[in-house]
Amino acid sequence: MSNTKQMPKNFDFAEAEKRLYEWWDANGYFKPEVAPDDAEPFVISMPPPNVTGALHIGHALFVSLEDLMTRYERMRGKAALWVPGTDHAGIATQLQVEKMLRDEGTSREEVGREEFLKRTWDWKEKYGGTITSQLRRLGASCDWSRARFTLDDGLSNAVQEVFIKLYEQGLIYRGPRLVNWSPGLQTAVSDLEVEREEETVKLYFFKYPVEGGEFIPVATTRPESILGDTAVAVHPEDDRYKHLIGKTAYVPMLNRAIPVIGDEYVDREFGTGALKITPAHDFNDYEIAQKHSLPLISVLTRKATINENGGEYAGLDRYDCRKKLWADMETAGLTIKVENYTTIVPRSQRGGEIIEPMISTQWFVKIQPLAEKALNAVKTGQIKIVPDHFERVYYHWLENIEDWCVSRQLWWGHRIPAWVHDDGRIHVSKTPPKGDGWTPEEDVLDTWFSSGLWPFSTLGWPQQTPDLARFYPTSVMETGYDILFFWVARMIMMGLWFTDQPPFHTVYLHGLVRDKLGRKISKTLGNVIDPLELVDQFGTDPLRFALVTSGSAGNDVNLDTEWVEYGRNFLNKVWQMTNFVTGNLEGEIPAGVPSPAELDLPARWVMSRLNKLIKNVQYLFDTHQYGEAGRQIRTFLWDEVAPWYLEISKHPLYNGTDAEKTIARRVLVHVMDIGLRLLHPFMPFATEEMWGYLPHEGNALILAKWAVADESYIDEEAELQMGVLMDMVRQIRDIRNNQYDIPPSKKLGVIVAPGKHRENIGLYGYIFARLCNVDHMTLLADDASAPDDSASAVVSDVTVYVPLKGMIDVEAEIERLTKEGEKLTGQIAKTQGMLDNEGFVSRAKPEVVERERIRLAELQASLIQITEQLTRLKG
RNA sequence: GGGCGUUUAGCUCAGCUGGUUAGAGCGCACGGUUCACAUCCGUGAGGUCAGGGGUUCAAGUCCCUUAACGCCCACCA
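Heads up, our numbering is the position in the first sequence plus 11, with the first residue counted as 1.
Think about it this way: if two alpha-carbon atoms lie no more than 30 Å apart in a straight line, the pair counts; the simulated DSSO-like pairs of lysine-lysine are:
#1 K758 - K661
#2 K885 - K758
#3 K395 - K716
Keep in mind that the hints were calculated from the coordinates and are not lab data.
For clarity, every value in this text was computed on a predicted model and none was experimentally measured.
With the hints as constraints, model all of the structure from the sequences given.
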């Protein structure tokens with residue numbers, strides 16, 4: 012292997028990212044086919060972003076993680092497939108197009124359904140590419156040739172297939188039910204799409220007139236709902252009211268006669284102890300009405316204005332009606348009081364308007380049978396959720412799940428494949444029924460209905476395609492915990508029901524990206540973090556590295572843009588390291604590393620550290636601790652290789668024999684090569700670029716083999732011995748910088764009582780010249796006496812003397828050494844205590860006991876040295 | 001009303017296989033233009049790991065409990 016090119020001074024990310032991405036893509040490296048046909052597949056279905064959306068920081072997080080997993084598995088030799096795609100996002104997209112129409116001075120209703128859909132498709136064609144090109148900028152190594160859209164033909168077919176099958180299995184029903192209605196969007200929404208916030212509202216107390224001149228005091232937060240009351244309920248054993256049960260009450264202002272009923276649901280202690288029943292606009296009341304066979308009277312239109320059942324209030328907006336009705340009741344002497352009251356208000360997840368429970372005809376999925384399977388798959392461990400505490404959240408939701416309202420009164424989406432006959436019959440099919448009197452269903456399906464099929468529909472299901480056979484079930488579902496119910500649970504239900512297999516074996520959940528103060532990102536707060544701005548400023552790699560390493564799985568990430576800058580600094584550091592290595596190569600470099608026996612101590616040390624790192628990183632990847640893996644790689648390169656091995660290697664590189672040079676070069680190349688491999692899933696662009704400058708085998712880092720630890724290089728003894736030399740360097744620096752104010756440029760002569768480290772200190776004395784500017788070093792004979800006028804420091808059984816004639820402050824030296832001695836004494840006592848403890852020696856792992864023994868010996872050796880120094884100084 | 005999470009340095013966070021003297025970035029202080037790097041190098045100050053109890057030879061790490069904060073789920077007018 013040999014290198015040819017000179018590296019530029021810095022990484023030009025703007026130029027390189029584009030070039031490298033196109034190069035990878037053009038070579039087909041993102042396709043699973045780069046792996047051998049018999050390679051084990053690894054598959055991720057990308058959570059499809061909204062087709063008309065723009066990239067936000069949350070996308071950057073999921074791309075960072077999923078691309079990391081994909082690249083890692085690809086390097087491990089798997090047939091890695093990351094299936095990209097986009098979601099039609101029914102409501103979101105429809106709203107955007109409606110806004111566009113409004114800006115044009117028209118509306119959805121005005122242009123009509125057909126034209127509206129045409130306009131939406133146009134919109135999709137125009138803006139749908141934005142998000143995908145932005146994903147490319149983030150380095151996403153997904154197979155674009157397999158990209159899908161939830162509304163394309165194949166997926167629409169899958170959706171129809173599923174709907175029809177569920178219907179045939181009796182798991183879909185249609186009928187009038189009380190549902191969450193969004194008056195602004197004019198559609199039903201599912202329970203999940205309703206957010207409940209605690210708010211302070213008014214609670215209106217009033218008199219419900221009862222026959223015979225009595226009245227029952229009642230409270231409501233929504234006076235307009237009075238118009239739809241069909242009963243007044245009291246507790247059957249409430250002495251205040253029980254004599255009224257069975258009598259007739261009269262709806263205020265409408266004077267409609269309704270019964271007074273008794274029901275134990277009513278809480279005597281709460282409010283007035285009596286309850287008005289509005290079954291068409293309240294979920295509790297609905298249940299009570301069912302029990303008592305009360306009629307349902309709807310008083311709202313689709314737009315939440317009062318309908319014909321509201322008498323003279325018909326046509327009023329719900330809130331105007333509230334005011335007017337209350338004023339009229341006040342005039343009629345029926346009001347009691349109005350109080351402030353804190354309660355839960357249901358609001359639309361999109362737009363925030365208040366949701367009205369309303370009766371309407373909708374399609375539902377009987378979810379119980381599907382939910383049971385989904386529950387089991389996780390309980391039996393077929394599917395693992397990371398972090399695992401989300402499993403409990405998942406169980407709780409599935410155990411209490413309600414039927415899923417899947418119909419939406421929108422136009423943009425999968426139209427429900429059904430026809431309804433005048434006589435009420437339903438025909439569910441891809442094709443229209445024969446005969447007259449059939450009306451096609453207008454409703455479309457909830458977006459999440461098609462998303463739920465994503466892992467298999469994208470691979471061709473229901474066709475038994477080769478892709479489906481090879482890549483399904485998929486491997487990991489990586490997504491945010493906020494859509495665990497919306498999406499993950501539904502994919503599991505649908506996957507199990509229609510393919511008899513869990514759609515993936517692992518669910519990896521990430522958190523939300525927040526600002527550096529932990530606040531939710533929002534336009535109103537003005538704390539929006541635009542990933543593309545950060546990419547423009549620092550490059551993609553630093554952003555990705557920051558996102559992955561600044562948190563841990565399942566927790567929200569408080570992104571500080573300073574972390575991105577720090578990531579950039581790290582990238583630059585690695586660049587400079589590579590630059591150093593490539594700049595010091597000459598001629599052919601044999602691949603691989605010499606055997607441990609051929610290496611000097613610093614090389615044995617760095618190889619030991621490297622292989623321990625590989626081991627740790629493997630463990631961390633196996634346990635999905637990607638952030639910690641990234642941090643460890645960074646620490647190794649920046650804090651161990653750069654300041655120590657790289658500096659030390661300058662000696663053989665500049666002063667060594669040819670053989671020594673070659674060994675140092677091979678070690679340096681190897682360490683950087685492995686470092687870049689480990690780093691590639693985190694920082695794909697820069698690592699690929701650097702790797703190209705290093706001597707290497709193979710075409711591209713993206714396809715290079717993932718590192719595997721070689722235990723034969725793990726060398727505790729080398730780490731221990733190197734540690735002594737490193738500590739000596741630190742001690743000399745400490746004396747220079749902190750004990751005495753010696754300028755860094757001043758060369759020092761030191762005298763060393765080397766103890767049992769004589770050989771290493773002799774051999775590697777150049778380290779001190781390189782790292783702490785020591786220009787000559789004298790090793791004392793074992794029986795030699797200590798030099799005078801010196802600052803001293805102790806490492807293991809080694810004492811370092813720095814002669815400083817006339818500068819030595821004996822008092823300060825004594826104080827420092829005394830403090831050091833006290834510290835050692837404390838540590839010895841602690842360690843000795845452990846070793847004297849029968850329980851520790853017998854129960855702790857042998858290697859832990861052994862480590863403590865070695866430690867104790869070291870500490871004791873040091874203490875002897877310190878004590879000698881003190882005696883000398885004091886005497 | 002249930003459930004989950006968080007609490008570690010001035011700030012933002014790591015430290016999920018229990019085991020040396022608890023780490024990083026930023027900030028702060030001191031000092032550095034020698035042949036990879038000022039997007040840098042060397043050094044330092046700064047923490048009773050929220051409180052209490054327990055398990056263990058050993059606890060920031062495991063268990064119980066209290067508190068504060070955050071999130072999710074839930075039909076009290």
